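Please build the complex by placing chain P on the supplied structure of chain S, with the hints as guidance.
So you can see what is in the structure, the chains are spelled out below.
Protein chains: 2
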Amino acid sequence: MLYAEAVWLQSLDCACKKIGIFIVMTDKTASLQSRTTVQQCLHARLQVKPPDEQSEAEWVEIDRGMVICICFFKGATEDIIPKMVTSLLNIKLCETDSGKYVSVLDLPGSVLIVPQATLGGKAKGKVMQYHGNVGKEEGQQLYAQFVSQCEKEVAASSKCSEAGVMVRHGTYGNRQVLKLDTNGPYTHLMEF
Amino acid sequence: MLYAEAVWLQSLDCACKKIGIFIVMTDKTASLQSRTTVQQCLHARLQVKPPDEQSEAEWVEIDRGMVICICFFKGATEDIIPKMVTSLLNIKLCETDSGKYVSVLDLPGSVLIVPQATLGGKAKGKVMQYHGNVGKEEGQQLYAQFVSQCEKEVAASSKCSEAGVMVRHGTYGNRQVLKLDTNGPYTHLMEF
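Going down the list, the sequences are from chains S and P. Just so we're aligned, residue 145 is where the first sequence starts under this note's numbering, counting upward by one. Just so we're aligned, residue 145 is where the second sequence starts under this note's numbering, counting upward by one.
Fair warning: there could be bad hints in the mix.
Same chains, same label: a pair holds when it works inside one copy or across any pair of copies.
[Said to hold, decoys possible] Capping the alpha-carbon separation at 27 Å, the derived lysine-lysine pairs in DSS-like fashion look like this: (1) Lys-323 / Lys-193; (2) Lys-303 / Lys-193; (3) Lys-280 / Lys-218; (4) Lys-218 / Lys-266; (5) Lys-218 / Lys-323.
No lab work stands behind these hints: they were computed from the structure. These figures come from a predicted structure and were not determined experimentally.
Okay, chain S solo, but in the shape it has when bound:
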C-alpha cells in the first residue's frame, strides 16, 4: 500500500470508529488456491522415476499438446479442482495448423501435468520462500485429483479418444526433469 493511501485509510478508520463502523482490510491474493502455467509444445518428455542402482530412469512423453505446471496454496480444497480442469482444458490456447486457436480438447492435443511447487514461491531479498504453499500430503491429494479429473475429461471426449491423445503426469515430490520442444510456448499464467 502507498504511504498516502495508508494515511488516508487511517483517517477513514478513525472517522468510522466514531460512528461505530470498523474497517477490515483483506488481501485479495490470500484467497488464491492454485497457480498454473500453461505452455504449448510439439513434444515434451518428463522423468517420472529417477535412475537407481538397479534400473534406468523412467519417462513419460507427449507429442503436440499442452504442458501444465501446477502448484496449490494453503487453504486450497478439492472444490477448486473441477473449475481448474474445465478452464484449463477448454481455454483456447492451442494453435491449429490454420493458425486458429482452440482448446486442447478440440485440437485435440495431449496434456502433460507437471507438479511445480516452486510456482508458489515469493521472493524475500535474494531468497525464495514458500510459506503460502499447501502441505505435502494435502498437495499430493489435490494433485492426484487434478490429474484424475483431467484424465476423465479427456477420456470422455470422443474427439480425443479417436485421435489417441493422452494425459501424462509427473510424480509428485520428485525432481521434474523436463525436456520441452515448442513452436513457441505461448506461456500463460492461470490462477484459481
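Here is chain P on its own, set in the frame of chain S:
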C-alpha cells in the same frame, strides 16, 4: 468480492459519505508493471529470425543457466527495470553441482531472455484477453532496456566474464520458437 463484503461496504460507503469521506477501491494488481517466469536450464535454443525464401532461420542458444520469460503491463515505466534486473540476476534459484542454490551471477550461468506478452493474459471464459498489456512500441523499448541492463550487469561481473557466460535474447514481436532442456525447470513467478 463476496456478497456479504459488498453489502457491508455499501453501508460503510453511505455512512462515510454522510460525514464527507469517500471510499475508493483500488485493485492491488493494477499496480503490477511486469510479470516474469524464471526457469533453470541445461541448454536452451531460441529462434531469433524465422526462415524466409533466401535464408534459414537464425537461433541463439545458451548452456547452463536461466530462462526468463517477460511481459510488461500498461503503466510500466523504465524505473522498474533496474529493480527487475537486480532481483532476477541475484535471486538464488540456480542449483550448483553440490546441490546448493545461488544466483545466476554466482553460478555463474548464462541468461536467455524471452519476450512473452502472453504472460499478461487474463482468461474471460474460453478466451484470453490481453487488455492490461503495455503497447507494442513501449513494450519494445522496455524490453530493450531490460536486455541491455542485464547484459551490463553480467559483463560487470568478473566471475561471469571469466566463465564466458552470456546473455542472449529473443526478438520482440516474433514467434518465440523455444527448445528447453532441463534438470528440472524449477519454475518461479516473479512480478514487479
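Check: Broken hints, numbered, in rising order?
Finding: 2 and 5
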